[in-house]
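Asks: This is what each chain is made of:
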Amino acid sequence: MAGSPSRAAGRRLQLPLLSFLQGATAVLFAVFVRYNHKTDAALWHRGNHSNADNEFYFRYPSFQDVHAMVFVGFGFLMVFLQRYGFSSVGFTFLLAAFALQWSTLVQGFLHSFHGGHIHVGVESMINADFCAGAVLISFGAVLGKTGPAQLLLMALLEVVLFGINEFVLLHLLGVRDAGGSMTIHTFGAYFGLVLSQVLYRPQLEKSKHRQGLYHSDLFAMIGTIFLWIFWPSFNAALTSLGAGQHRTALNTYYSLAASTLGTFALSALVGEDGRLDMVHIQNAALAGRVVVGTSSEMMLTPFGALAAGFLAGTVSTLGYKFFTPILESKFKVQDTCGVHNLHGMPGVLGVLLGVLVAGLATHEAYGDGLESVFPLIAEGQRSATSQAMYQLFGLFVTLMFASVGGGLGGLLLKLPFLDSPPDSQCYEDQVHWQAPGATLSPLPTPAFQVPGEHEDKAQRPLRVEEADTQA
Amino acid sequence: MAGSPSRAAGRRLQLPLLSFLQGATAVLFAVFVRYNHKTDAALWHRGNHSNADNEFYFRYPSFQDVHAMVFVGFGFLMVFLQRYGFSSVGFTFLLAAFALQWSTLVQGFLHSFHGGHIHVGVESMINADFCAGAVLISFGAVLGKTGPAQLLLMALLEVVLFGINEFVLLHLLGVRDAGGSMTIHTFGAYFGLVLSQVLYRPQLEKSKHRQGLYHSDLFAMIGTIFLWIFWPSFNAALTSLGAGQHRTALNTYYSLAASTLGTFALSALVGEDGRLDMVHIQNAALAGRVVVGTSSEMMLTPFGALAAGFLAGTVSTLGYKFFTPILESKFKVQDTCGVHNLHGMPGVLGVLLGVLVAGLATHEAYGDGLESVFPLIAEGQRSATSQAMYQLFGLFVTLMFASVGGGLGGLLLKLPFLDSPPDSQCYEDQVHWQAPGATLSPLPTPAFQVPGEHEDKAQRPLRVEEADTQA
Amino acid sequence: MAGSPSRAAGRRLQLPLLSFLQGATAVLFAVFVRYNHKTDAALWHRGNHSNADNEFYFRYPSFQDVHAMVFVGFGFLMVFLQRYGFSSVGFTFLLAAFALQWSTLVQGFLHSFHGGHIHVGVESMINADFCAGAVLISFGAVLGKTGPAQLLLMALLEVVLFGINEFVLLHLLGVRDAGGSMTIHTFGAYFGLVLSQVLYRPQLEKSKHRQGLYHSDLFAMIGTIFLWIFWPSFNAALTSLGAGQHRTALNTYYSLAASTLGTFALSALVGEDGRLDMVHIQNAALAGRVVVGTSSEMMLTPFGALAAGFLAGTVSTLGYKFFTPILESKFKVQDTCGVHNLHGMPGVLGVLLGVLVAGLATHEAYGDGLESVFPLIAEGQRSATSQAMYQLFGLFVTLMFASVGGGLGGLLLKLPFLDSPPDSQCYEDQVHWQAPGATLSPLPTPAFQVPGEHEDKAQRPLRVEEADTQA
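Residue numbers (this note's numbering), protein chains in the order written: chain A, 1 to 471; chain B, 472 to 942; chain C, 943 to 1413.
A portion of the hints provided could be inaccurate.
If the Cβ cut is set under 8 Å, some of the chain C residues that face chain A in the computed set are [said to hold, decoys possible]:
# : residue
1 : PHE1000
2 : PRO1003
3 : PHE1172
4 : ALA1185
5 : ALA1207
6 : ILE1223
7 : TYR1308
8 : PRO1358
In short, the hints are calculated from the structure, not lab data.
Computed from a prediction, not measured in an experiment: that's the story for all the values here.
Idealized CB from N, CA, C, for every residue including glycine.
Just need the whole structure built from these sequences, with the hints factored in.
Replies: Right, dumping it as structure tokens:
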């Protein structure tokens, strides 16, 4: 019970434990983390560089867009719940701020551990934000049904598995996945979905009526649009400099535009009375950038980007309409934000598209650029076909890590002392947030109501007339 | 009737037709659109460039700002309507996503069609977003009175005329218009205004009372501020590299600051009891960047930018206060967002300012920079005076294209099967969007109401007086 | 009285006076302000530069982030007040637009006045925005209790003192303060706090109940998040190119992440029933970037950044919980936004951290980079210890300028003709803004309330318990 001493004590003790988590992280930073040669005052000036050569200028603008997506985009996208806005934005803030520190360590140990130290710079900032993004995708699958302590434990585990999966794919298998269709979207989605399945709450049906407030949906659109506009930077942030980043951004731009049209088309087709559903627009329109996550750095061609984006938008919309209910009824997965439709299916499609485009790679098409997109093919160690096979194999590895990890995570989150909110408190901010005496929330009334059709039908129209006649 | 089977069927059929539109666009992309030499893996590496030379790094950060303005800025600026927020943001999203694809083709055929192909890169992304901006300006003039199918038809036509007008001005007449006072603001505004005139609805007066909700106005301010802060990037996005972009951003920055002060000054001067009007702040403060759209790349001088911005802010504010009512009563133009005040008049002023500044151009003032700002003058093909005359002529060409196009568009949009919303459903989301059982909207109550006094309508007129007399 | 002819006349006259302020500024611009050699068409092309060398490309992306923080971040952060949102965003807009022009002149005369002219470019844009930021910090201390004319007078004075203080610190004392812990945060905070003390309103207690509306807090989170994500750019905007900007952004990034965790930990620890307080999250989480404002360009080490950020987050949270009430009761300072917790204390901590890190500077740690971070030490004019002493002395100078200036400002703002809002109208938009007949505001009801239970206040305390016991 939210107000009972025991729970209060539980809450009072759990988040403060963050201090120890932060303390431990700080100690590890002290021991292992150092500036890299593009960040360190002495090392940078030792080499005889022009300042324009500093990677900062090639990657930082993209990083800032990614940073905005992680904190503004993911945070507000989840504000669509009527009385869970504080938690959606607040826990996104907390989770991402923790995940980016923790993944700086995990990814550092796996990717850039030299001479006993992790060397950090703008690339590690981008990689850490990417990992935080995967954690937030999983968060979307359990949104409203988990407390902050549970979420932090989830992040603690997921960041480690994310790093290992990424290491296996990129370094051991030589898989290409610049925009993270595999490492971020597919991994984050299925980790969260399996975890949500383990935490299945049979009595939660009713919670549905707590979703959606007119202005909450407008806040959510802030998240949608910021994710949408900056996604070209997300996919391009870590691709090869020059034409690589240029092409990646361009492909993503076209793919997103097409998925938006596909979403509107399908949403109207399947909507009641042919009306549009805001849930589709908020989410499915974003599927276009997931589907090109792997292939946007490749010679996908502008046409390929449009076709892939349109396909992703339609599939994602159909998923929200028809598959989400099945997911809950048949598979016992309560996918609060529909991450399966937004990240899961489009992610898998994106991997398959990557398999196709990689398999079609030729020296003619890439010229000397082959070295930067498919180094192993350029060096003659692999044929395009075998690269494609490795890409496909990467999908299975990712699904394996995600499922096992999500299942394990679900069991951990069931630990009794973790203060999981009771069914009656799910999707409610009040269990986690103080309501200062004067904090107010809009009075719920039916959507699109014409003033006057509220309780007292007779009086309101009058009042409006009055207001008008005064004017 | 919104819910009638016929209309429902109409809606259900129209938006899905988007799929064919998208299919046709995709086919045209497949046939004609190719990566340019800065985007293509093989072509880029063939030339022996340093990655820092890739245009991506000079223009992409500005592109991202433009992209944010188009989707966040225009979208939320139009959320000021009380129950039309879904449509304002949603249709902005749809229209812009379609327009940028379509204009990539149209502009490509006209501007960068070589060897049977359109070559795309960051410049074409910026140009496409610019064209989408013009379409959204026109959207502002018919906001709330048109359905998505009508809007898409409008975009289909407007994008073509935008491209032709732009081609005539920039390529045939050698007009300079980096920030689009002519090609974007003047064209978009008058195209939309004439179109709105053709669609005049004599019975729509009352709809006014549907405008304005406290939080809707705050959402609109999100749009205003994002448009305001990023406009220096908009004007600078396509100007010459180096000092050109630098100067353009600086001029726009000063002009915007001055137009903001001018708007507050005039809004208080003409406001009832000297109070400020949020509509003025949301819109007129932005006029400063329209007025320097043409001249911001020129040697306008910081003083010139301030003076122009201040003038634009005052003119725009007076337009909202005094001219908009006349526009509806006398000219039968129902300009929902006041695009005439925000884009029309300031756009024309901007052209005239461009005429003046171009006419004053000298080799002394521009030095070797003359080549990049006024190539025809630098090459001795034109005198500054003749360049000024061409600039002025460009205005008439633009007004001609905009008026004829807007009139034609208005007739097309009257086609009966296009599902235009009935007067009673204008400015209402419900005709276009599903209202899931739990979607809620705030209960309308008078502005600035003191809590607790909301039940009794009778006292409302009084109450405000009381509140005042307490003071 | 808001509605009385006298007040109305007062308002109607005051803001229009802005025109003269703008006119005077414009004249000064005409006489003194010129493009610098990186912005002027002739000067830039005279030197034989590659366009990539133009400072625009190194600093403009950071400038845009700073610009977004000033107008979006500060503006929306202050929307947390229930019925003061128009004024929070609107006056932020007005103040910043004036301050950046005025400070371009003041800073220009003090920093870049050569040959009778002020030379402007992207650096002056950044400096002007920084100064506007300091003015907005002071605004936060008097938010809701001052009219626009008073605020403009405050800005007029503060910008001058800001420029002088900055000149004394950076040019006379050789203090390093890239991110402005001293010049921006400490100065802005104490200037505003002393000013607020002079304007103390003993009867204002009750106004507290006007704070906080559910959606207002969500709007405020928009401000919080945009400030949070872009602060690395703020601190890095003016640091030395290359590794300097790179390192500054990285340090700020880590510090912010740690302060977020510290804030959540402490907020839960001190919150009633261990619940989180949105006020802490909105504000204290940002303290992390204030505390590294001075030292983020130095070799702070990633660990140092984490430790400093965590400390700042905890101290700031405790300030909101325990010190703000004392500040009002004992020191008669009504700090509306808690700028003492967000900018004051963290700012002073930041200065002390800078003293420490500067004192530890060695040639080994900085190598040839020492020249760009501590030129006076590199040139042998100072020892690290004496540099540290100068840093510390800079704090006292800043506090002196801020207190004297704030006191003086407070007396000026008391001038009777300045139309200060009466206590009953504090935190109310209606005194400053028109309420068009149809402008509506959400009906206030208790936070997290279950729909339908809003009428009877009696059950409200109970209700929460019930909800709990169901669990």
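Asks: Would you mind marking each hint as holding or not holding in the structure?
Replies: We went through each hint and held it up to the structure:
no. : hint    : verdict
1   : PHE1000 : holds, 7 Å
2   : PRO1003 : holds, 5 Å
3   : PHE1172 : holds, 7 Å
4   : ALA1185 : holds, 3 Å
5   : ALA1207 : holds, 4 Å
6   : ILE1223 : holds, 5 Å
7   : TYR1308 : holds, 4 Å
8   : PRO1358 : violated, 32 Å
Violation of the numbered hints given earlier is confined to hint 8; every other hint is satisfied by the structure.
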